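S.K.: The primary structure of each chain is shown beneath.
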Amino acid sequence: MNENESTGSVLELTIFKVDDLTAAIPTSFIREINRHMSITRVSNAPDNVRGILNLRGDIITVIDLRQVFGLTVTEINNDSRIIVVHYNREDIGLLVDKVLDIKLAAESEMEDSPANLNGVNGAFFTRIFKMEEDLAAILNIKDILNPEVILN
Amino acid sequence: MAMLEDDEIILIFIEESKEHLDGIEADLLDIESMGADVDTDLVNRVFRAIHSIKGGAGFLGFEKIKELTHSMENLLNMIRSGSLIPTSGLISVLLEGADVLKNLIGNYQNSNEADLSSILKSLENVTLESLPAEEKKMVGEKVDIRLPDGSFFGSLPKLDLEQALKGGRKLYIVSYDMLNDIERRGKNPLRILSEIEQTGLLIETRMELPQVGGLEDFTTEFRMSLSVLLATVLEDDIIPNLLQVDRSKIFHVDLAGQLQQIADTKPGAAGPVPDTIPEKPVEPNFSGTEAEYSEDDLAVKFPMDYEADEFIETPVYEVPEPVSKPVQASKPVAAKKPAVVSKQLVPTVKEEQPRTVLDKQINIGAASSTIRVNVKVLDELMTLAGELVLTRNQLLQNVAKTETNQFEQAVQRLDLVTSELQEAVMATRMQPISNVFNKFQRVVRDLSEGLGKEVELHIEGKDVELDKTIIEAIGDPLVHLVRNAVDHGLETPDERVRRGKPRVGNLFLKASHEAGQVNIEINDDGAGIDPQKIKAKAQEQELVEPHLLNAMSEKEIIRLIFKPGFSTAKVVTDVSGRGVGMDVVQNNLSMLGGTIDINSTIGKGSTFLIKLPLTLAIIPCLIVEVEDNRYAIPQVNLVELVRIQADQVKKRIEIIDDAAVMRLRGELLPLIHLADALQMLKTYLNDHRKRKSSRRRNLFDRRSPVHNPEYQSAAGSPAEPGTNRRNEADDRRHDLDSAYNVVVVNAGDFTYGIVVDHLLDSEEIVVKPLGTHLREIKTYAGATILGDGKATLILDIMGISQALNLKNIKQKSKQFEISKETSANTDIRSLVLLRNAANEQFAVPLGFVSRIEKISRNDIVQTSGKQAIKYRGQNLILFSIEDVAKVGPREQVDWPFVLIFPYAGRDVGLVVSRIVDVVDIDLKIDEETFRQPGIMGSAIIEDQITLFLDPYEIVSVSMPEWTTRKLLEADKTKKKARKEQFTVLLVEDSTFFLNQVKNFTQAAGYEVITALNGVEGLQRLNDPELEIDIVLTDIEMPELDGVEMTRKIRKESKWSKLPVIALTSVAGTEAEERAYAAGIDEYLIKLDREKVLERVHYFVTNGR
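As you go down the protein sequences, you meet chains A and B in turn. Using this note's numbering, the final residue of the first sequence is 152, and nothing's skipped along the way. Using this note's numbering, the final residue of the second sequence is 1256, and nothing's skipped along the way.
Hints are computed from structural coordinates only; laboratory data are not their basis. Keep in mind the model is a prediction, meaning the values are calculated, not measured. We put the CB at the ideal spot given by N, CA and C, even for glycine.
In silico contact screen, one side only, chain A against chain B (beta carbon under 10 Å); selected entries:
#: 1; residue: THR40
#: 2; residue: VAL42
#: 3; residue: ASN44
#: 4; residue: PRO46
#: 5; residue: GLY51
#: 6; residue: ASN54
#: 7; residue: ASP58
#: 8; residue: ILE59
#: 9; residue: ASN88
#: 10; residue: GLU90
#: 11; residue: LEU145
Just so you have them, the derived chain A footprint on chain B, three or more residues with Cβ under 8 Å:
#: 12; stretch: 913 to 927
#: 13; stretch: 940 to 948
Generate the whole structure from the sequences, applying the supplied hints.
M.R.: What follows is the structure in structure tokens.
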């Protein structure tokens, strides 16, 4: 996807925190970011699924990104946000710890992802965006939202 | 002939053809039933339907469809003209043809590859048989027709042309210019064809695609033309106007295939009608002024006008702006149109024509009341209505908190409008069930013919409407059930006669509304389902373990037919008995949110009852709460709500084979706690190894701390303290929190109970799908949004039972649960009649017995001279009547019964050979004649001397060591009694029990004062002569019952210390709650004398 996204010289990224990891998603995937935390727990759901949410009349699945990365369960606080992405004809919420910024990333500022970053497997990333103070891992949405991956 | 790549037109054609076909079957059957008395209208209808399909098929290049419809049409035409009488065989061929046609249309893409030789042959044979000799000769003779430009139009059977010319019709060939005559007028070819249909008989169509030439050809000469051969009674002068084609393009055709330009009888009208106007084609009718039109022209034109007005479809005439004047001018004429029409039309047309025109208009009127709407649009409307419902719900919840009057009114209005809108939108999706039911005439006819049976099908409730989706999906299950009824259910005519039934079997198909659901009943008066056969089959196929099978009730056995792989048909017929069946039926119905049940009586017939929701989109649900999470349970799955009081939990919930079960009116239901079940499933799904079998056993112990205090500490479940804390902080609902709320649900072939924390509202909810990550979870049917805006899961009742692998309880013994609620207000009046020796009848008051179990004789073990069985994990000591009383020995049966009752704080059992009945009877017991140990008296019941058992005496005589201990205690009582001579007030309305209780209390050394009801009881208490130490009272009594009496006692401070013990026939009733609430100290079974004495002793010595 990133190839398509970056056909221009720059890629607009939304930067956020998942535990200690600084992560990014191309803004084009994002429907909205909200702090609507009335999540209904779903028993029997995979651990990665935090629950379901009423998003203006539609039921969307909320995925706990920390759990996807094999980290602890996200604790919801004032900074927590749900990033609603549209992928594969479905809106899906990603629960993150904090949304930091929206930045434009030039091709030159991105490089291949390392084997891991802050303890998170590099397979979840497509590339790394080098910011002044920090590195942001650009998430591979396709893999992250793949039910197969979530289920395992 | 070209295959047009115009999908939309094809789809319209397919859609219309299907509609035509839907009606055909029923009509054909009607035609058959009328025999020689042919209803021309009916035949015409079928004919027209087939004919329209033929027209479209020809045009669109579906050769095979055309060929078939053509043959069918020939046959129909002959019926119509009376040259053929519609025999059963003939109709069969036509029905077969309709079937093939249906297939062809359903699979139109490949229809041209289909092999139709056999059906065509059948059709041809029927046709040939009935032809007059000279016409037979014509068969095979073909007439070649060429268009005026010399191009080949087609080679047609002369016979067809001959037939078409009957009734004063003439043959015309008309060439339409696709571009100017059709496209530019906003028409499409199908529309043209159907217009022709209404004027005459369409015989053949041909599409001409010229060679593709250069670009200049394209702009000027390129003409796609549609040529049509039709037969009509209309005259030359009318045709051009009617068809809106220049007369130069219309030709007569004769039987030799020769063409001739039609006559130009009205030069005025024939004026230079421009056949091509490149930019703005002008409708020929408007090309001149009004005056130029003859009355004839008008006469025929008007029906067309009329039609154009009625349909909301694309305008027939595209009227260019500049010529708007004639349009206006035509209006006044239109006003007087009816008179003109009738006057002019009648002489112009011949014979049957007036009726056709009339028919047409009526049809048009009917057609305009419906409109074809894309299902997508409806779906969207539906979704919107759903949203509105949800928003309304949210508003309604909020308005309860605010107090503004106007706001409230507005919301009320919104509430109303929303509901109405929702109903209206839902109505757009509703279709009458007749759409499904109608095809059963045919199914039943074919089946009964094939099986040599005579069946009359009765259909009721055709008008009941269901959602389109459901209508479409119930067809197959219903066909299956109907087939079964005809194949297995109904007997052959001879057999029926032998059994004294009418030859013709009856099959009822009924639909009706009930409480937001639709019931469909399939009922036959056939042989019924024989449970023995099912049983034998189940044994043979090893569907159920043999010992379970023996314990099953007939109804349970019959329900085995829903097991996968079950089939009882003696012979595997073409129709049924292939082993796939009822389980599939059940699954399909449950996917629609429906259920199915059977009632069957041998020799009388069977009834299948299906319950379906009206719609799948908005469903009524019960909202329940478990550990602060709410869930929706679809109403259609609900059977009942049961509340088990805290102190009843132990009695009604138990563990069998590692699973919790609940007793409900004699049935054992699997019971799950929703929260644990969901959690457990998760453990189960995520990690098989982690799942411990002990978990379930503890499930209910842990949750009933009142009765299992030992578990409370042992369980150490972190959930427990939290739950309690929440309960305290919450509302009034919680003061009875240890009680169980059980939602009894139906999951297809069986029923189970779900324990929830709270039952909340009933709500109409809109089903929303779950995301891809959650869709695979079996336990949820979807999600919805509740009034407060929170997303909530909808439980899939069937899915949960499957995921947990819930089954009907393996009953080691058959349970005859006695309804305690009903026996509460009876004492001696409800009797269990039983046998021990085959010739002696015994009775025991129902109230003495807490349960009756059917056991296997093999389960009885001998231990130290006593008989016992394993019962609920404990040894249940068994006693026999003949051990104590001088009566005949017990008859040896494989499945004896055990009456279980409490004796001195433990359960004991009395074995008898059979249970005869439970009777409600009011009688006098003779306490003298047959009095002996174990027998308290006798009476005549149902003309037989019946001995009344005293089960307590039987035990006390058999087990003197139990009683000795008791006697020692009683001795102590006696000693104390001697010292102080306690006085007991015994209030009891039944003299029988009064005497029984009086006897044993007196024997224990008490002074006993008696009263026959509460009023008398209070009088005794108030009697200054008497010093009463304790009150023993019955609950149900005339004048003043035990509870009310106690309430009065408790109001008086002088009696505040007076112990009151209630004695009843049965423990554990609603009355018990009331009794405690009224201030009764203890609630005991009347004749458990050991216990009664023990408690009396306790209270007189210790006070209350």
